[in-house]
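> Here is what each chain is made of, one letter per residue.
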Amino acid sequence: MANPGGGAICNGNLHNHGKQSDGSASGNCAKNGIVKEAQQNGWPHVYDKPLVESFEEAPLHVMVFTYLGYGLGTLFGYLRDFLRSCGIEKCNAAIEREEQKDFVPLYQNFENFYTRNLYMRIRDNWNRPICSAPGSRFDVMERVSDDYNWTFRFTGRIIKDVINMGSYNFLGLAASYDESMRTVKDVLEEYGLGVASTRHEMGTLDKHEELENLVAKFLNVEAAMVFGMGFATNSMNIPALVGKGCLILSDELNHASLVLGARLSGATIRIFKHNNMQSLEKLLRDAVIYGQPRIRRAWKKILILVEGIYSMEGSIVRLPQIVALKKKYKAYLYIDEAHSIGSVGPTGRGVVEFFGLDPRDVDVLMGTFTKSFGASGGYIAGRKDLVDYLRVHSHSAVYATSMSPPVAEQIIRSMKFIMGLDGTTQGLQRVRQLAKNTRYFRQRLNEMGFIIYGNEESPVIPLLLYMPAKVAAFARHLLNRKIGVVVVGFPATPLAEARARFCVSAAHTREMLDTVLENLDEMGDLLQLKYSRHRKSARPELYDETSFELDD
Amino acid sequence: RTLLTHPWFTGLQEGSQSCDGSVAVLSHQWKRAAPAYHLILEGILILWIIRLLFSKTYKLQERSDLTVKEKEELIEEWQPEPLVPPVSKDHPALNYNIVSGPPSHNIVVNGKKCVNFASFNFLGLLDNARVKAAALASLKKYGVGTCGPRGFYGTFDVHLDLEDRLAKFMKTEEAIIYSYGFATIASAIPAYSKRALVFVDYFLSFLNPRKARVTRRFIVVEGLYMNTGTVCPLPELVKLKYKYKARIFLEESLSFGVLGEHGRGVTEHFGISIDDIDLISANMENSLASVGGFCCGRSFVIDHQRLSGQGYCFSASLPPLLAAAAIEALNIMEENPGIFLVLKEKCERIHKALQGISGLKVVGESLSPAFHLQLTDSTGAREKDVTLLQEIVNHCMNRGIALTQARYLEKEEKCLPPPSIRVVVTVEQTDEELERAARIIKEAAQAVLL
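Residue numbers (the numbering used here), protein chains in the order written: chain A, -17 to 534; chain B, 869 to 1318.
Do not take every clue at face value.
Computed spacing ranges between beta-carbons, pair by pair [stated by the list, open to error]:
#	chain 1	residue 1	chain 2	residue 2	range
1	B	921	A	340	32 to 42 Å
2	B	1199	A	65	42 to 52 Å
3	A	343	B	938	23 to 33 Å
Below, a list of computed lysine-lysine pairs in the DSS-like style, where the Cα atoms sit at most 27 Å apart [to be verified]:
#	chain 1	residue 1	chain 2	residue 2
4	B	937	A	312
5	B	1252	B	1229
6	B	1009	A	398
7	B	1039	B	1113
8	A	308	A	199
9	B	1279	A	366
10	A	398	B	1008
11	A	83	B	1107
12	A	167	B	1008
13	A	282	A	226
14	B	957	A	282
15	A	512	A	418
16	B	937	A	308
17	A	226	A	264
18	B	1009	A	167
19	B	1252	A	142
20	B	981	B	1036
21	A	310	B	939
22	B	1039	B	939
23	A	83	B	1109
24	A	310	B	981
25	B	980	B	1039
26	A	282	B	1282
27	A	83	B	939
28	B	1214	B	981
29	B	957	A	83
30	A	226	B	939
31	B	980	B	1252
32	B	981	A	167
33	B	1008	A	226
34	A	283	B	1279
Calculated from the structure, these hints are not laboratory results. For clarity, every value in this text was computed on a predicted model and none was experimentally measured. For each residue, glycine too, the CB sits at the ideal point set by N, CA and C.
Take the sequences, apply the hints, and build the full model.
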């Protein structure tokens, strides 16, 4: 029985929780606590829910110990390098051929310092091979190292039914075969695997056309084009859209593919602080008023590059403000919805739906099919003239093979499932289940006292660990307890902010989440990870009944 | 009056003569002797300093300050270019060929049934039953996607198997696979070349000796060139490599599974030791009839890409069913080394058959399964050439031979090849079909060009 005053979901729209904070400060995500940003006067009132994002700073002693840890590691690194160069210690790394010893060295020694001495010690926490579908549980192959992680060998044992908190499986569509995947099997048998030609030559199949029409319908835009790889979608299409004489305003924490695409385009790149609208507005004003540096001509185009959900921070882009800015300064907006398509929004259509905006306000909608659709590949959608231009001028269309037919069919099937075109409401239920799981998980982690980054609606949950040794201990202990987590350190994150990143999935049941949370609780006590100063009460229903989710 | 006869000095001298205990006497004499102009000067200096301290700092701005109103006007007036320039409706890329059904040997293009001479399906493995069965088994076990990059639980045992098999097949130490053929070489080269000099193909230049000591040099070549159908002169390149101390990166997309006795590519074709080549990169989309690409070489070289290859670290891994298909294709290649000879024979046959067509010349060596047909006399305008060739292609397609023109991004290519028709030979084409194709192309050329 749903509580009518609470977060009940009726008519396909999420009701407000009624937590309108009135007139709170217009701060941006301040690093010292939880920020509730109400909609101020002057911004369009299309999104009434307050955006709750938190990026709490760690206590001072934690930062000191973190840097100490790295310092110690570096010192030992120098010592070991010295021993290796003297010959006292055996060098396990691969070395150059005898015949090529007098060539210019392929790698500078310093470049690999971090890899050799710090990463190598804990590298068993990454690249863990699995041997089952990456669903809510998977099987990890056990591997051990006899020489301190220089080489691994497989013992042959398989750790079965490890709870998967690491794979991007937001809607639970990545699973081993079941009857709903019959169409994929049929397409595989009929079409085969590869295409062996490019889109311009003989590589456009009717499957691709069907898929592109479906994507356009899903996103409620005029047209779409699909590519075989998400990374390549960004890096090969941004150069087609902008070039020299154009300006790219890119968020600080953009993904490597966006950065690569921006650099390859040859346009001028300026970076604004993460999700900081003042910083973006200042850059826009300066760009429009003063034009290009030195030559003083106006910019040809200004392109704003942002992501829907940032995977390392878990924050959601401030889309209404960016759209307002874009309209005022006549810039173009490119959103990379790799993590947000299918996972946010009342019906899973991404950040545009989450904020209740019109998809036509965003010039270029880009996304990938890897995360929520259980396949691979990327798409770009928008107006028809944009997509036509990309069909003609994209590197990927001319030089790269098109998407494999069974993968395309899997995307078609998943999309129909989410849209409800297969005749059931299961897709919609999964989207809501994901939202429920996300809120529950985040709430419980906050109660326990961990420092969590990001927006409370984002299914990507970074949990801060800070110290390099804890990173390794965390991942290893949890694997022993049959929970698979992803930990990230430098250089994907800032040096002192190593974190564990959880990806909640609609396929996770309440029991699985509870198991994980219990183990996290124990790990938090064991490793002293509960740094947060804002430990919420463990009994929220006592003080705020409307925020407690009841099971349906 | 000089400084030395200044009352201050005389006062000091006097004071120092009675040097025990008379500092007070000294200062007393000092105060009395200061002249007025000196005090005034000091006073003016102090006032000037105070004024400077409290005045506004002068910012070195090249821009003059605009008023708020002017700024708003500028913002109002500025008009950017449209995001994309308009594209003409009859651009060939907007009216591309649509294939209904599988793009295999017998292909249905734009509704017409044809024999496929356009897809790079050299070994005919696109609709091989064994490959499909292996992929199906993988689909049943793993589903479709991997939901993560290699570092975060995206490494499946199938990927490790495939890397192992590729390394063994090519007789190298290690191999690394990418999920997209184009991304393979595009990620491999930047991973090594932060400060490097890359020689691509034609040109060699000399750089100043001081930088030369720390600049890495790479020679990047293709085994079998897609744009010209020629084989690269690998023995000479290996000699150059040792002479100029550069490393060779060999791109073998077309030659992997085609050249060489066992299909190992250009190195086997010329009998060169694989250790002489630093990196071999190929895509699995041609001979292996799958999707994706791989690099192989010594561990020293390849292992670096596991942390620095952008397309490897930051992108989801290859779907397992495609990896399983590649493994099975590799099995087939190893079991039937005879198909490479068959392919070679077919290539030679069609090369001979297409010689002597009036108006079209064959560009490419006789052992290249993908070669070009170019106009012997160009009309002078690229667009007209393209239209003529397109008519030939249409003529052939109406008669059951599927061909395509070779497509390029005209603005991006450094040396744009002339327009041409691409002809691809596969193992599945029978001799009869080869003869028919040659005949139809001849007829089409005569009909259109004369």
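> All the hints need checking, so say for each whether the structure fits it.
Each hint, compared with the structure:
no., hint, in the structure
1, 921(B) to 340(A): 32 to 42 Å, "violated (56 Å)"
2, 1199(B) to 65(A): 42 to 52 Å, "holds (46 Å)"
3, 343(A) to 938(B): 23 to 33 Å, "holds (29 Å)"
4, 937(B) to 312(A), "holds (18 Å)"
5, 1252(B) to 1229(B), "holds (17 Å)"
6, 1009(B) to 398(A), "holds (23 Å)"
7, 1039(B) to 1113(B), "holds (24 Å)"
8, 308(A) to 199(A), "holds (25 Å)"
9, 1279(B) to 366(A), "holds (22 Å)"
10, 398(A) to 1008(B), "holds (21 Å)"
11, 83(A) to 1107(B), "holds (16 Å)"
12, 167(A) to 1008(B), "holds (9 Å)"
13, 282(A) to 226(A), "holds (9 Å)"
14, 957(B) to 282(A), "holds (25 Å)"
15, 512(A) to 418(A), "holds (24 Å)"
16, 937(B) to 308(A), "holds (20 Å)"
17, 226(A) to 264(A), "holds (22 Å)"
18, 1009(B) to 167(A), "holds (12 Å)"
19, 1252(B) to 142(A), "violated (64 Å)"
20, 981(B) to 1036(B), "violated (40 Å)"
21, 310(A) to 939(B), "holds (13 Å)"
22, 1039(B) to 939(B), "violated (66 Å)"
23, 83(A) to 1109(B), "holds (13 Å)"
24, 310(A) to 981(B), "violated (54 Å)"
25, 980(B) to 1039(B), "violated (44 Å)"
26, 282(A) to 1282(B), "holds (25 Å)"
27, 83(A) to 939(B), "violated (61 Å)"
28, 1214(B) to 981(B), "holds (22 Å)"
29, 957(B) to 83(A), "violated (57 Å)"
30, 226(A) to 939(B), "holds (25 Å)"
31, 980(B) to 1252(B), "holds (26 Å)"
32, 981(B) to 167(A), "holds (25 Å)"
33, 1008(B) to 226(A), "violated (48 Å)"
34, 283(A) to 1279(B), "holds (20 Å)"
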